[in-house]
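There are 2 protein chains.
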Amino acid sequence: MNQIADLVDGARHHETRAIARLISLVEDGAPELREALRLLAPSTGHAHIVGITGAPGVGKSTTTSALITEYRSRGLRVAVLAIDPSSPFSGGAVLGDRIRMQEHALDSNVFIRSMASRGQLGGLSAAAPQGVRVLDACGFDLVIVETVGVGQSEVEIAGHADTTVVLLAPGMGDGVQAAKAGLLEIGDLYVINKADRDGARSTARELRQSLAMSTPIDGREREIVLASADRGEGIDKVAQAIDAHFAWLSTSGNLANRRARRISMEIEHLAIAALRSKMIAHADDLAALTSAVVDAKMDTYEAADELLEIFGRIKP
Amino acid sequence: MNQIADLVDGARHHETRAIARLISLVEDGAPELREALRLLAPSTGHAHIVGITGAPGVGKSTTTSALITEYRSRGLRVAVLAIDPSSPFSGGAVLGDRIRMQEHALDSNVFIRSMASRGQLGGLSAAAPQGVRVLDACGFDLVIVETVGVGQSEVEIAGHADTTVVLLAPGMGDGVQAAKAGLLEIGDLYVINKADRDGARSTARELRQSLAMSTPIDGREREIVLASADRGEGIDKVAQAIDAHFAWLSTSGNLANRRARRISMEIEHLAIAALRSKMIAHADDLAALTSAVVDAKMDTYEAADELLEIFGRIKP
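Chains as they are written, first to last, in the working numbering: chain P, 1 to 316; chain W, 317 to 632.
Honestly, the hints are just simulated from the structure, not real lab data. Hints should not be assumed to be uniformly reliable.
Where chain W lies over chain P, by a calculated footprint (3+ residues, C-beta under 8 Å) [stated by the list, open to error]:
#, region
1, 60-72
2, 214-224
Okay, the calculated beta carbon distance ranges per label pair [unchecked claim]:
#, chain 1, residue 1, chain 2, residue 2, range
3, W, 344, P, 202, 47 to 55 Å
4, W, 553, P, 287, 34 to 42 Å
5, P, 74, W, 513, 44 to 52 Å
6, P, 251, W, 613, 23 to 31 Å
7, W, 422, P, 215, 55 to 63 Å
8, W, 373, P, 75, 39 to 47 Å
9, W, 563, P, 212, 52 to 60 Å
10, W, 532, P, 202, 41 to 49 Å
11, W, 564, P, 256, 34 to 42 Å
The beta carbon of each residue, even a glycine, is placed where N, CA and C say it ideally should be.
Isolated chain P, as found in the complex (with noise of 0.2 Å):
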């Protein structure tokens, strides 16, 4: 009778057609989705949710696929959402990437999906969260987040995680670039990817030296982990780091800080997607205020204020 009821109670049942079907409707932006939603929430907040990014070619994929296969080792269902044009998740895999993932396609415990955001107003920022919050409540016990560490929405998504991953691998350079594009605020853990190769343990100095010079947010330690993802070396010790880190979490107290926070950021991004949708409904509006600017009759912001004022009248 209700299509979306089916389709939640399947999800929860673990099937994971229902479960694609629901990420579907989270890129699309569709109407059906905030009733998914409000049916999911009751089961939602059991995930460990891990954000894993670093720069394209530090081997996010090879690392997230040594990560699912520990996992399910030890019996945990675990779902990753790939928000990275550069992942091989997302497509573009070379040929070993592809029979890295085979292994894990017939297993119905784990669930890989790349994520665009192609109806989403509000782009990628709102639709990750509501894809995490599918996948949470579809009662996988660890949600893997693995987004591209250049960009700056595709790296706060990853700094939302409850654990935040950060790969770095030796010899690109990555200190540097890693500093610059605000990997070394949003790391919880910094794993040395690649770390058979030469220059491993001066990039995990230089990467020491930098987080010295920084003080973490919530006072712990950021643990650095050498590993060779493509050789499954090092993988266990990355997951006892993640565990290490949720384990924390939960008796510090930090945990229920980290999700409000995420929460926020949800509200926040689905305020700023509403007002969006409200420019695409009024662009009559939009365009005669940017007429207004084209002929110098009134500056940008004045046309912002004017344009939110118009909307503060219009009931929704």
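On the provided structure of chain P, position chain W as indicated by the hints.
Frame of chain P, contents of chain W only:
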């Protein structure tokens, strides 16, 4: 007497330090910015705004630097705004790049500046158009906005230029990457850089095929130019193609359309920034709504609606 008026006056008389100060105001989202932009407004609309974007490593900064040399040789004033954490203009240059940039360091008709968005509410999307507006008003003939072609905000920023140049390089799987990053939708002009390397022609061929599958928004065929910016080869052709696109924009009437679209976007981003600053000023309201969501008394959509409702009642 009025410091901002003096600053604006200095900037309009091509004083590099005054221009740099104004860009800092943009970065900081300083309250004085509004007055500065109001004073600058009458001088805007003369520069040709060129967006340059592409994946890290394709040679954006080398190409930008070569283009500066090209346009300077014709006596034009050139400004560069680098909004790209991987750009050498933003700091982490390898030696060769630093030397290339050094060429322009003593030339007072060249202004190069990287821009972050420290204080800016609305982030890069709000800061970038304001930075461009400042440089336009300061009498530069060409304003180049360099962004990394990864990241939703960054790709959008480059896509809102008068002429958007997308750089690719052979052998980086760039065809697929470009499609996924949305670069095929925003380019007016494509440059295959490092064209002396193997695979340049096949990259061009693949790109041509990809482009053939979509219709350009404004109906103009998108040119593909081969260049080797580090050797200075093909840069004259790139400049010619940029100029040809601008000439077409001007005669076809599309220039006015694009600029109106850019102003609309700027109004939109300023409205969003104003909304965000209300969220900060009324953090207690957001915190109360967050608690309600945490306690499952409302969902995030209801909270977002309620937040906008509250803001509609608050007078500025």
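Each hint tested on the structure:
1. 60-72: violated (count 0)
2. 214-224: Contact hint for the region 214-224 of chain P vs chain W: violated, 0 residues under 8 Å.
3. W/344 x P/202: 47 to 55 Å: 35 Å, violated
4. W/553 x P/287: 34 to 42 Å: Between residue 553 of chain W and residue 287 of chain P, where Cβ atoms are some 38 Å apart, the hint holds.
5. P/74 x W/513: 44 to 52 Å: 46 Å, holds
6. P/251 x W/613: 23 to 31 Å: Holds - the Cβ-Cβ distance for residue 251 of chain P and residue 613 of chain W, about 27 Å, lies within 23 to 31 Å.
7. W/422 x P/215: 55 to 63 Å: 40 Å, violated
8. W/373 x P/75: 39 to 47 Å: For residue 75 of chain P against residue 373 of chain W, whose Cβ atoms are near 41 Å apart, the range 39 to 47 Å holds.
9. W/563 x P/212: 52 to 60 Å: 54 Å, holds
10. W/532 x P/202: 41 to 49 Å: 47 Å, holds
11. W/564 x P/256: 34 to 42 Å: 57 Å, violated
Violated hints for the displayed structure, listed by number in ascending order: 1, 2, 3, 7, 11.
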